[in-house]
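Kindly generate the complete structure, drawing on both the sequences and the hints.
Single-letter residue listing:
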Amino acid sequence: MTDAFYAVFARDLRVAFRRWSELAYPLVFFAIVVALFPLALSPTAAQLRDIGTGVLWVALLLSSLLALDGLFRGDADDGTLEQLLMSPVAITVTVFAKLAAHALVTLLPLICLVPLMALSFNIPVAALPTLAVALLLAAPTLSVLVALGAALTVSLRRGGAIVGLLVLPLTGPLLIFGTRATDLGVNGEPTAAPLFFLAALAALALALGPLAIAAAVKVGLE
Amino acid sequence: MIDFIQMGGDGAYVWSAYGITLAVLIVNIVLVRARHRTALRRAREIAAQTEVPRRQPKVHRVQ
Amino acid sequence: MKLPRWFHQLGSPPYVYRLADKLGPWLGGLGCATLAIGVVWGLAIAPPDYQQDEVYRIIFIHPQTAYVGMMAYGVMAVAAAIGYIWRLKIAHAVAVSAAPIGAWFTFCALVTGAIWGRPTWGTYWQWGDPRIMSETLLLFLFLGYLALRGAFDDRDKADKITAILAVVGVVNLPIIHYSVEWWNSLHQGPTILRGDGPAMTTDMLLPFLITVLGFTLTFYWLLLRRLQAEIVEREGDARWLREFLPGSVA
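Protein chains in written order, with this note's numbering: chain A, 1 to 222; chain B, 1 to 63; chain C, 1 to 250.
No lab work stands behind these hints: they were computed from the structure.
Any given hint could turn out to be false.
Said to hold, decoys possible - Under the rule of at most 20 Å between Cα atoms (straight-line distance), these lysine-lysine pairs were calculated in the PhoX-like manner: (1) A:LYS218 with C:LYS89; (2) C:LYS157 with A:LYS218; (3) C:LYS157 with C:LYS89.
Here is the structure:
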């Protein structure tokens, strides 16, 4: 089973790196969205810090929707996904492998970029570790939700348009706890509570998510 | 009566709230009724098409 | 597991259609009558509130529409799950029928809530309020379900895919609701919108409960009517339908 996991995982990584320039799109998108806010708001230095947390997290959510296609649609188009479904390996293993590869290739660079951008919003350096932990705890949930959106729309020709409508409302709690943790970190207060909630969300997402994703992929390819 | 409509000065709020809710209920009823009728009509068309061939009498040729 | 007979009967579209046809008018009459009684009672007979004077009367429609909206999502999710697990087309039809009604009721809840907010708390919309956030997200969940359904040409596929979305959504609803409440309890500012409205004496409680019943019955009546239309669309050329067609062809 682990062999199958690594096989799918490695293959997805290879496919992603073959078009490595496309990996940059979500990062650039993130930077653009983040830059638009000060342009629109003309904030003072203090205001920047107030809005910074929210802007960064929202931009992260939006950017993570960009690289959806790489998850399932590419493989669905060339028949690889059907092959994977027909193989004796459990679908959930395949899903986990794809989630891991996608998180590594799309989310991780974004997560690395966020603290950098945070500095530009006058968020104190002391708050960055909390931000980093919050992001890492949020990553699995975000990965699952994004993959769910991709799986539900895998058989649609222009599914990309409504994926945002499907996924973003579900990210509400993630946004709430993530920004709360970051704000507490900025103010130097204890951050355990929201971080624990983020961890709980991640556990729930990883436990139930792949089931729903696998079911959606199976139905989508019928 | 006037007092009833004015609702202590807040008449606009109360009546618009009730009015919008009533309007939504009516819209729901009317639209669904129309849809039901259209669906039944289309079903009748389909039924009419499939009934006709069966109505033709069988002609037995006597050798 | 031996399933009761009525479970199998409910899986049959003709049975459900006939039942809806017979039950519908009664349910509709009862629902509308109850609602009318409750509304008239609440508008004309119940005394004005100590704090909110007359405008509190929105309490006879706002919480009810919000509650029915949430119930509609529950009905939708349960029906979709049943349809997915037991492969019952009729269950999927119920889910599809519940969605637009739920969306409309949630819309009403948001609008009546905003209208109520202006004279009582000075503002139509307060993004910080947990109730507003939860209701708004619920509306988005409904819209997402309807959008996803509309995007599929294959009805079978649409049924199953939206079933998955509905179940994921229903798991999310309590999480969303709780996290928004938790988040709001930490902020000092926007808590002015909290509070269930005026404290209820029996004068107000009775019409309140009557309108709850009225809206619930009306919801189920609307659901049955939509379900009938949905069944006809799905079973178009079935023989059992013939007796219901205008100008009987059977």
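Okay, the hints, checked on the actual structure:
1. A:LYS218 with C:LYS89: holds, 19 Å
2. C:LYS157 with A:LYS218: Measuring from Cα to Cα gives roughly 10 Å; hence the hint holds.
3. C:LYS157 with C:LYS89: Roughly 12 Å separates the two Cα atoms, so the pair holds.
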